[in-house]
Structures are given as C-alpha cells and as structure tokens.
Amino acid sequence: MSSDVVVELDGVRKCFGPRVIFDDVSLSVHRSEVVAVIGPSGAGKSTLIRCINQLNTFEKGVIRVLGHEVYGTEEGRPPLRRDDLRRLRTEIGMVFQTFNLFPHLSVMKNVMLAPQRVKGRSEAEAAAQAQELLEMIGLSHRKDAYPRQLSGGEQQRVAICRALAMEPEVMLFDEPTSMLDPELVGEVLAAIRRLAVDGMTMILVTHEMMFAKEIADTVVVVADGGIAEMGPAKEVLSTPKTERARSFLERVLLHTGGDTGPQAAASEGGFDAASGGFDDPTLSWSREVDEKGLR
Amino acid sequence: MTVQLASILGLWGSYLPSFMRGLVITMEITGLGLAVAVVLGAILAGFKLSKFKALRVIATVYVDIIRSIPVLVLLFLAYYGLGQLGLTLSGIASATAALGAFYAALLCEIFRGGVQGVERGQREAADALGLGRVSGFVRVILPQAVLRILPPSTNQLSNIIKDSSLVVTIGVADLMARSYEASATTFEPMDMFVLAGLIYMALYLVIARAIGRWELNVQRRRG
Chain F
1 MSSDVVVELD GVRKCFGPRV IFDDVSLSVH RSEVVAVIGP SGAGKSTLIR CINQLNTFEK
61 GVIRVLGHEV YGTEEGRPPL RRDDLRRLRT EIGMVFQTFN LFPHLSVMKN VMLAPQRVKG
121 RSEAEAAAQA QELLEMIGLS HRKDAYPRQL SGGEQQRVAI CRALAMEPEV MLFDEPTSML
181 DPELVGEVLA AIRRLAVDGM TMILVTHEMM FAKEIADTVV VVADGGIAEM GPAKEVLSTP
241 KTERARSFLE RVLLHTGGDT GPQAAASEGG FDAASGGFDD PTLSWSREVD EKGLR
Chain E
1 MTVQLASILG LWGSYLPSFM RGLVITMEIT GLGLAVAVVL GAILAGFKLS KFKALRVIAT
61 VYVDIIRSIP VLVLLFLAYY GLGQLGLTLS GIASATAALG AFYAALLCEI FRGGVQGVER
121 GQREAADALG LGRVSGFVRV ILPQAVLRIL PPSTNQLSNI IKDSSLVVTI GVADLMARSY
181 EASATTFEPM DMFVLAGLIY MALYLVIARA IGRWELNVQR RRG
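Line by line, the protein sequences are chains F and E. Numbering of the first sequence is given in UniProt numbering, commencing with residue 1 and proceeding in unit increments. Numbering of the second sequence is given in UniProt numbering, commencing with residue 1 and proceeding in unit increments.
Okay, chain E solo, but in the shape it has when bound (with noise of 0.2 Å):
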C-alpha cells in the first residue's frame, strides 16, 4: 500500500511541471473566456433592460439561440467553421470566442436579474437626489446590483473551467491535453485523470473560496 502510494506520488511528482504548464493554458483560456463573457454579457444586458425594443429583441434572439448550442459545436465553429470562411483563429482565439460566446448568453441573464433586483426605491431615491443616470447607476445601482450577482456569476465560474477541457479536442495543450498525453505515455490512466481533475478542482475551490470571502467581508460591513 505505502510502496503503491509512493509510486503514484512519485509519477504525479514527474509530471507535475508538465501538468502546471497545462494549467496554465487553462487558466488562459477561462480568464480570456470569461472576460468576453462578462463584457459582451454587461452589454447584452443593458440591451435587454433597454427601452428600445429592438435592443431587447437583439439580445433576446441571441440569448436563446446561443445557449441552445453545445459549446463544443460553438469550438469548431469557431475553429473550422471560421477557418473555412478565411478567419483562422488559434486555438486558444477560437476556446476564447467560443466560451465567451456562450457565457456571456448565460452571464446576461444573471447580470439582468442582478440589476432588477435591485430596489425600485434605490433608483427613485437616486433620480429625486438629482443623481444622473449614470452615476445613478454607478454609484448607487451597481454596487447593490454586484452583491446579487456574484453568487450565480461563481457557480458559472466553475462551468467555464471545466467547459475549458474542451480544447483538448483542438489541440490546445491545456492542462486535460497533458493529462490525456500522460495517461498515454504512462498507461496509468486512472492517476494520471485523477491528478487533473484534483487541480480542476483546487482551482476552482481556490477562486470560490476568494470570491465567497471578498462578499462575505463586504456584507458583514455593510450590516
């Protein structure tokens, strides 16, 4: 059992360096992923809290087109199907469109809700103040609007690092290619898969617990 122990710690230790360079990539790809998602998600969001009925029809079609699609199909499409058109992107381009593409339809609806949940009280107490819409927003909307919108935003956080494995599929040398490399090289299949989906998970528990802290110093402030 020691002897067993000892020789998984010790294959896991060889390819550690290996698998921190794949986390890397990961990290790349979620980072890069997640802000297109959060920026074109703010942006689809103002669009369906628009007054303007063509703006929400905009967001209303893309939300519920896109979030229909595996993001798998989106990854080829970006990477083949756009490559076929003359626009060849990298792989990690092509994981970047392609998750930011596809969060950013989820992180629209959180993002709307956020802000609609807001007090209509806030916004009226804002507005007799004289505040602009703007800073009414910014100064008095928004910072209520985040605090609703965290919890939900983390949970997709943790989706958009496993959807990022998806690479894998492309080429991209992220931390699921290393794991399927070694498991191939080594024939350890099982210590190898269990090495990664342990990062995976450090990973995420690691950002959660960051982002879990940073509100609940925030809330306990405020009362």
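Only chain F is shown next, with the shape it has when bound in the complex (with noise of 0.2 Å):
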C-alpha cells in the first residue's frame, strides 16, 4: 500500500443471503482524489461505500483504510475489534442520502456531539469548530435551530459539518442529493465542491453526472455485480471503453433529457471547481445545467 493511498478494496465481495451483489471489487483511493462511483440503482454503489466503514459488513476480500485493515467475514480471520472499530469509523467522514441529523438536538449540538464524545473535546473547544465549520457552510444564522425547521438542503450541509467535525481522512458521500428537492441541489453540491478544492479524500455515489464529471478525478462505474469500468472522470464518462459502461451512460443521458450522447456532454465541461462560493447559493453550476436543459 503506497504511502499516500488512504483507501484500498481488494477482492471484495458482498453478498446479501444467496444473492452476490459485486464481487471482486478493487480499488485505490489516493489522498486528494476524488471518485465518483456511478452506476444503475440496486448495483450495489451505497453498499460498496458503506463497506468501508462497516455500516455492511462482506464477505470476502479486504478493505484498507490508512492504518486499518477489515477483512471480509469469510476470510477466517477474528473480527474487528470494538474499540478498532470505532478507531476506524472516526478516520471515515459519512453523509447519508437521508441526512440522518439527529432530531433531538439543535444544529451546533449535532455538530458538537461526536467530537465532545468520541473525541473528548470540551463543551468550548467543539462549540468554536462547529461555529467555525457552520460558517465555511453558510449556516451559522441557522446554529441553534432544530434539523426539522431545516430545508433538506440545509439539513445536508449541516450533516456534511457533523462529519467534517471529526476531522476525517475521507469522506464518503451516499447519494447526498438524491433526496432534494431539484432547486436545493446546488447548494449541497456547492459544499461538496468546496471540500475537493480543500483537498478532501472523498469517495461521491451519485446520480449527478455532470457533477462527477466536473469534480471527481476518477469514476468507477459499478454495474451487473462488479466494476465494469473505471478510470479518469472524463474518458470514463465521454468515452466509455466497456459495453456495460457505454449502455448505463447513455440510459442516463437519456433520461436527463439532454440531447447529448456521452460524446456531447463531453465537450460542455468548463465548470469552474474553484468558484463554489457558498455566500451564493444560487450556484452558477445548477443554473447553467438548468440553462443547458440537462436537469
């Protein structure tokens, strides 16, 4: 494992019951990268991730993550341990596609809990990071309201702050906009794209092509029980090698309503990564989609 891999899969299989869902599944992620796996629903994308911090557990293979080793559970190797486990959980940010705040505490006290819990810090020293974190977000006016008085929108930037207040190595995204309402989109992306400027190690499952395209370095597109491609974000997406990659790509360019095939959608990159200002959170990124009639 070279220096700067942060995540490695190799071999990995998962199985529900009988039922494979992808098998011999491996992958690197390097620091700073960001991958963007894609694929149809029920491929098993949203598992593949949740492996990796073993929120799913499977069956075969092994999954490094820094300094943490998880083998498969037919592996015949002892399980984790509780405590290597929870070590390995705060390495690993996750954003749920249903948020997932908890309900019962208000917007700086979700982002507070983790790190006056798991990491011992004082009511102080979590109160001025989260502060700090709602800010870079645009959300501190909102700190002490509740996730329910929150559009689902603002729920998911708060829940990307709860993760990032652990100060993890990755972060793993679960179709984070998959539930949102088509105009709050772009201000979830928005917070996204701040982190891969940032530098975050992060592992996307996405619907949103064109956002893969503009911020993922690599795309790993996992389809009938496996990777059936991957590779830099543009090739994989403009021009797709594999059958499977090619049929998947054009279903969904299809179904977004452009005219464009992969070939097309290609050449309308040129989104500035570098412009997500979250003082705007009209976004120029929806909004030019939204011009271009892709959405």
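There's no promise every hint is true.
List time: in silico DSBU-like cross-link candidates among lysine-lysine, alpha-carbon distance up to 30 Å [said to hold, decoys possible]:
1) F:119 with F:109
2) F:213 with F:241
3) F:143 with F:119
4) F:234 with F:213
5) F:60 with E:51
6) F:143 with F:109
7) F:241 with F:109
8) E:162 with F:60
9) F:119 with E:51
In case anyone wonders, no lab produced these hints; they're calculated from the structure.
Both chains are sitting in their own frames, so use the hints and assemble them into the complex.
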C-alpha cells in the first residue's frame, strides 16, 4: 500500500444471503482524490461505500483505510475489535442520502456531539469548531435551529459539517442529493465542491453525472456485480470503453433529458470548480445546467 | 337541594383529611410500583433487544406469563404466598412487588417498541461518527425513544394508579380503604365513593397533564 493511498479495496465480495451483490471489487483511492461511483440502481454502489466504514459487512477480500484493515467475514480472520472499529470510523466521515441528523439536538449540538463524546473535546472547543464549520458552510445563522426546521439542503449541509467535525481523512457521500428538491441540490453540491477544492479525499455515490464529471478525478462504474469500468472521469464519462458502462451512460443521459450522448456531454465540461461560493447559494452550477436543459 | 349539597360538602370536608392520608399511601404504592416496573421493564426490554437468544427467551416467557395473571393474584401471591414460604412482606412491599412485576411486563413491550421505532439511520449516523454503543444509545437513541415511549406509558400510569386500590384487600390504608371505611361508618357509600373517584381522577389528570405539557414543549422546541 503506497503511502498516499487512503482507501484500498482488494477483491471485495458482498452478498445478501445467497445473492452476490458484487464480487472482486478492487480500488485504490489516493489522498485528495475524488472518486465518483456511478451505476444503475441496485448495483450496490451504496453498499460498496458502506462496507468501507463497516455499516455493512462483506464476505471476501480486504479493505484498508490508512493503517486499519478490515477483512471479509469469510476470510477466517477474527472480527474487528469494537475499539478498532470505532477508531476506523473516526477516520471516515459519512454523509447519508437521508441526512440522518439527530432530530432532538440543535444544529450546533449535532455538530458538537461526536467531537465531545468521541474525541473528548471540551464544550467550548467543540462549540468553537462547530461555529467555524457552520460559518464555512454558510449556516451559522441557523445554529440554534432544530433539524426539522431546516430545508433538506440545509440539513444535508449540517450533516456535512457534522462529519467534518471529526476531522476525517476521507469522506463518503451516499447519494447526498437524491432526496433533495431540485432547487436545493446546488447548495449541497457547492459544499462538496468546496471540500474537493480544499483537497479532501472523497468517495461519492451519485446520480449527478455532470457534477461527477466536474469534480471527480476518477469515475467508477458499478454494474452487473462488479466494477464495469474505472478511470479518469472525463474519459469514462465521455468515451466509455466497455459496453456495460456505455449502455448505462446512454440511458442516464437520455433520461436526464439531454439530446447529448456521452460524446456531446463531454465537450460541455468547463465548470469552474473554484467558484463554489457559499455566500451565493444560488450557484452557478445548477443554473448553467438548467440553461442547458440537462436537469 | 342546597341543603343536600351543603351536607355532602360538610361530610366530604370532615373526611377529607383521612382521604388525603390515604392518598399519600396510594401515591406511595403507585410511585414505588412504577419505579420497580420502569427499572425491571427497562432490563426486560434490554433482554428482548439483546443478540443473545437466551435473554430474549427469558424476557418473552416472563412477559407472556406475568401479563396473563390478574394483578390481584400477583398481590395475594406476594402477600400470602411468600408469607407461607417464610418471606413476610408488608402490605406496601407486597403491592410494590405485584404492581412492579405486572407493569414491568407491559412497559417492557412499550420500551422495546420505542427503541426499535427510532429510525435505523440514527443508529447508523451514530456508528459512522464513532460514537460507542453506550454513547450512541444514551445520546442518540434514548432521547428519541423517550418521546415514543411517553404517551403509551402515561396510559399505563392511569392503570397502575387504579390497580393500587387492590391493596384494600390486604388491609393497607390507602385512599380506597379510607373511602370504604368512611362509607361503612357514615352509611353514605355514594358520597364517599364519589369523593374517592374524584380524587383518583384528579391524581391521574394532574400527572398526565404535567407529562403531556412537558412532551408538547419538547416537541415544539424541536420544531
């Protein structure tokens, strides 16, 4: 494992009962790399990243996250000790499709809870850090609100802050925008873009193809029980080499209403990754895409 | 009519101190029984949610047996039955044991349902943040479960208050016993039992209102 590899999957197989979801998945994610995982629904994209922080177990293979090693349950190794599992998880930030904010805690307390309880930070330290994160993400004015009082986009941005408060080495995003109303997608993508610009290592399961093309270094197409294709984002998305990846991308681009095939979509790149301004939540990105009629 | 009302109020007034002393005993029995029921019910709920089958079986068997037995039978078992075995319990201790044992079985199911009703994503979010099992439960799951547990538990509270009156059968001087005694002395059972009923009602309503108000406040605060 070379020194700048943050996450490495080696021959991972996941089954639900007798059904194999995917098999022999191998993948390396380097520091500051942004990996987008795309593919048809039911292919196991979410399950794949949930294996990384052990929200799902897997049967075969090994996953390494920095110094931690997790083996498949059928590899004949003793299961991970509870403390080791916790330590592994503190290296990994996770953002869920359904936000999963703690509804009984204010925005501030949501962000402060884990640093206080897991890292033993004082209330003052945790509050200062939470304040800083919320300011960065443009939500400090909502710090005393409760999750139910926030829009979906705001909730998801708080969830991102909550994960960042643990200062993770890698962030996992499990379809972070698919539960959002279309007009709220942009603000969440802006937050993610900002992290990419800051050099956060990220693995992102997404259906936002244009966004994947914009911020991802690497695109992984998961389909039919494994990785159908993997490579530099622009190449995979514009000139997929395998039939499975090509047919998936064609279907997606047709569905999103573009008259563009993968080829045409490629030439429309040119989003400015650095412009993820949080002061302006009405984001250039979603507007541009709206104008192009892709959404 | 006014004369009659005045005489009832006069009668009530003269027995009120006695009834109030009875009410204290009723509240004592209810409170102690409830405390035992909550603790034992929480332990049983923990058993039911355990990954160990033996514990789940123990809890299930306990709940199935206990809740099918009338509280009065449990009370007599505690008071007379255990006495026969050499374990003599006072009336109040017997009532605490019987009410505690019975309502633990009911609260166990309510607690289990409340904990299981918290969305799975909450546990996952706590896990993903590296919160341990204990902090995850205490800080994330429990505060949400409480709001699901409170309304059905408040209903059980009304039952436990009412069932506390069964101690009249073992000679504990609770509110029920006081009213029984007063009706026998005055030959005014209607007046005396109406008064007892009103006091039981007031006790429940005051507590239920307080819980309800607290619950509403919490919910309002959380949006």
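Status of each hint after checking the structure:
1. F:119 with F:109: Status holds; Cα separation ~15 Å.
2. F:213 with F:241: Holds, because 16 Å separates the two Cα atoms, which is no more than 30 Å.
3. F:143 with F:119: holds, 21 Å
4. F:234 with F:213: Measuring from Cα to Cα gives roughly 6 Å; hence the hint holds.
5. F:60 with E:51: holds, 24 Å
6. F:143 with F:109: Roughly 9 Å separates the two Cα atoms, so the pair holds.
7. F:241 with F:109: violated, 47 Å
8. E:162 with F:60: Given that 30 Å is the threshold and the Cα spacing comes to 59 Å, the pair is violated.
9. F:119 with E:51: Roughly 28 Å separates the two Cα atoms, so the pair holds.
Of the hints listed earlier, those the structure fails to meet are numbers 7, 8, in rising order.
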